[in-house]
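Chains Y and U, in that order, are what the protein sequence lines are. 18 is the number of the first residue of the first sequence in my numbering; add one for each residue after it. 364 is the number of the first residue of the second sequence in my numbering; add one for each residue after it.
Source of the hints: derived by calculation from the structure; they are not laboratory data. Note that beta-carbon positions come from the ideal geometry of N, C-alpha and C, so glycine has one too. One should not assume that every hint holds.
Computed spacing ranges between beta-carbons, pair by pair [what the hints assert, rightly or not]:
1. GLU264(Y) to GLU486(U): 51 to 59 Å
2. SER548(U) to GLU268(Y): 44 to 52 Å
3. ALA518(U) to ASP66(Y): 51 to 59 Å
4. LYS500(U) to ASP321(Y): 18 to 26 Å
Taking lysine-lysine and the DSBU-like style, the derived pairs with C-alpha atoms no more than 30 Å apart in a straight line are [said to hold, decoys possible]:
5. LYS545(U) to LYS527(U)
6. LYS527(U) to LYS326(Y)
7. LYS482(U) to LYS115(Y)
The chain contents come next:
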Amino acid sequence: MGRCVGQYQERHLLKREMMKTFALALLGIFSATTVVATEINESMDAAADGTVSISNISGSVEVQGWSRNQVEITGNLGSGVEQLIFERDGDEIEIKVKTRRGNSRDTKSDLVVKVPLASSLEVNTVSADIDVAELTGEQSLESVSGDIATQAFGSDIDINSVSGDLEVEGDDQAMRSMLSSVSGDIDTENLAGEIRVESVSGDLVVVNGVFDRVSMDTVNGDIVFHAQLLNDGRLDVETVNGSVDIEFAGEVSARFDIETFNGDIRNCFGPKAVRVSEYGPGYELKFTEGSGSGRVTIETLNGDLRLCK
Amino acid sequence: MNETDNNNFDDELMAAAAELATEVTPDRDLWPGIEQALPHPGRPARTVWNSTWAQAAAVLLLVGGSSGVTYLAITEDLSPLPPVAGGPTLVFEPVSGSFGSMYNLGPDYQDARRSLAAKVDEELGRLTAEERNEVQKNIDVIRAAIEEINKALAAEPDNALLQKLLLSTYRDELGLMMRVDKITSAAMRRGDI
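The task is simple: from the sequences and hints, build the whole structure.
Here it is as structure tokens:
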């Protein structure tokens, strides 16, 4: 009997030891696959007005302009990243987070990139958010699903997303802004000059700023334009199902040509909308304000319109 | 192979099996070895250690194998390509009854549309299901709008606003495809995703 108990204890101890070994081995495997971010801190000299292009799949890209003629990258790389490419070719600097081909695990990398103030910037991401500040050069920013926020200081911008939201803040300097999304909302403030904003279902909002040419086009999104239209300026607005809210800042001088097939028109300018046909539901509103040097056209299928100053 | 063939084959197999010897006499007496391997009450339990070491070896093999596979997956290019996003193939067919069935979309437009649609569809396959669904949802929005305008146009074929909105919405559809193509192909040119 005593021998049996001894054997049992011996086996029990052995089992415990084996369990420990097994647990440690599993821990080892787990450690080998655990996400380990790698911190980065690299820099190189750059042209004062060169081009910096950045490509990152997921995570974030934060770009800040600074007074040094240098590009500096800090942040961290996901464990699925093979390499951070940071190269200079003449006045162009390329930053690319390269992942192992086909590796979808932990490619999330967060980059903070400081670039010379007047650099032209190109950023391309899949799901990484893009945030740009204090940069005076041109910007071309694209993301599939990441949100994009930037400041603009008089240089042209071209910003596109599929589902990410876009936010742009200007400083009233004339420039050319091309902004588009599929389903993301687009919000701008204090831009000026020429602006073109497009979406399918995202809302389009242009607030403040002074423009000589504005084009806002969406299928289902709502449209808001609360800004100034210069003399000789042109505002074209079109939506199928979204509502339209126009409020001019300051005086406006333009011929207005507004039409909706199935929506209502609320107008603060005086003239009343009239039915296009005796039988159809459509309304039309045509009038001239001031000298009529500019032109405003608004068209909707079902969207309601509000027009004020 | 039909059922008759199967039956013939089974019959032949059974006949061949019946011809096999039913008893096999070993070349030598195996009993001493078997007897030694059987547990004997009173003998030291050396088999416990044997079995323990066997289990430990098995665990090590398992752990080693798993680690090896993990290591290869991490360091080598053996991991599979990201799965093609689920969901049906995107539908880029033109909405029927365009212009209230009074006019057809031109062949150049159709060609451009087909070619863009094929390209976009291919690239979208490399995005996530969520992103792909987002695009599909918006294509549906455009198609619904086109259908709605077409219905109105069928009732009022000469309505200039409707004609313009319809053209514009078709342009929006092309615009969507071009936009998605531009953004995704820029992302996919990376070569590592």
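These are the hints, each one checked on the structure:
1. GLU264(Y) to GLU486(U): 51 to 59 Å: For GLU264(Y) and GLU486(U) the Cβ distance comes to about 40 Å; the hint is violated.
2. SER548(U) to GLU268(Y): 44 to 52 Å: holds, 45 Å
3. ALA518(U) to ASP66(Y): 51 to 59 Å: For ALA518(U) and ASP66(Y) the Cβ distance comes to about 58 Å; the hint holds.
4. LYS500(U) to ASP321(Y): 18 to 26 Å: holds, 24 Å
5. LYS545(U) to LYS527(U): At roughly 26 Å apart (the allowed maximum being 30 Å), LYS527(U) and LYS545(U) satisfy the hint.
6. LYS527(U) to LYS326(Y): holds, 27 Å
7. LYS482(U) to LYS115(Y): holds, 24 Å
Going down the numbered hints, you'll see the structure goes against just number 1.
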